[in-house]
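Here the protein sequences come in this chain order: A and B. The first sequence runs 1 to 113 under my numbering. The second sequence runs 114 to 229 under my numbering.
Source of the hints: derived by calculation from the structure; they are not laboratory data. Even glycine gets a Cβ: it sits at the ideal position worked out from N, Cα and C. Check each hint, because a few of them may be wrong.
Claimed, not checked - Facing chain B, a subset of chain A residues (Cβ under 8 angstroms, in silico):
| # | residue |
| --- | --- |
| 1 | LYS42 |
| 2 | LEU46 |
| 3 | ALA100 |
| 4 | LEU101 |
| 5 | GLY104 |
| 6 | SER105 |
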Amino acid sequence: QQQVKQSPQSLIVQKGGISIINCAYENTAFDYFPWYQQFPGKGPALLIAIRPDVSEKKEGRFTISFNKSAKQFSLHIMDSQPGDSATYFCAASMDTGRRALTFGSGTRLQVQP
Amino acid sequence: GAVVSQHPSRVICKSGTSVKIECRSLDFQATTMFWYRQFPKKSLMLMATSNEGSKATYEQGVEKDKFLINHASLTLSTLTVTSAHPEDSSFYICSAPRQGGYYGYTFGSGTRLTVV
Chain A
1 QQQVKQSPQS
11 LIVQKGGISI
21 INCAYENTAF
31 DYFPWYQQFP
41 GKGPALLIAI
51 RPDVSEKKEG
61 RFTISFNKSA
71 KQFSLHIMDS
81 QPGDSATYFC
91 AASMDTGRRA
101 LTFGSGTRLQ
111 VQP
Chain B
114 GAVVSQHPSR
124 VICKSGTSVK
134 IECRSLDFQA
144 TTMFWYRQFP
154 KKSLMLMATS
164 NEGSKATYEQ
174 GVEKDKFLIN
184 HASLTLSTLT
194 VTSAHPEDSS
204 FYICSAPRQG
214 GYYGYTFGSG
224 TRLTVV
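Start from the sequences, fold in the hints, and give me the full structure.
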């Protein structure tokens with residue numbers, strides 16, 4: 001599997017602040033970049049996803065920024081809430097989502113009230 | 114739509130026994146199913162890819178004789194952990210590509226396997 005590198009490993013943010021998680025990839029064949037949220041004991045849930053022909057996508061408080069030339073993408077969570085405390089994974093796949101996802105290592109986000 | 118139902122959600126078994134995990138696509142036909150394993154506080158690692166009617170493709174380092182995958186129908190894929198040992202204790206998750214030209218994946222809710 002091709003690697004997707006994710007940072008930071010953990011993140012503490014105050015309520016109302018902005019949470020930023022970064023990912024970098026190497027395989028230029030990747031064409032689908034989702035972010036997942038996972039709570040303990042649950043499967044991952046899709047937050048937002050982007051394709052490489054778009055540089056930014058926003059859905060509610062969640063924004064993906066995508067830099068194709070740098071092979072990097074990031075998740076911004078605006079107005080972070082305690083309920084956002086979870087583990088976040090970036091991922092990538094190819095063949096328009098028909099191949100398996102390659103996941104980043106995960107970021108444990110804690111939003112303090 | 115595009116729901117994958119995974120059972121059981123939790124299972125405890127004795128060392129040396131076998132455990133079967135099922136993933137059913139409820140409202141679509143899953144020609145492909147991906148099986149992931151996740152250790153505590155770690156990421157999801159692809160174990161194998163199953164395609165309906167053919168042999169599964171296993172990732173490097175995954176023992177195919179230990180993790181038996183069957184995808185005999187378009188709505189059911191199963192993972193059997195044979196002769197389970199405590200080191201097989203993990204969270205197992207299945208996932209299928211979405212259908213109808215949509216990008217993305219549908220995930221099962223996961224199975225927590227504990228081998229004692």
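### Query
Are there hints from earlier that the structure breaks, and if so, what are their numbers?
none
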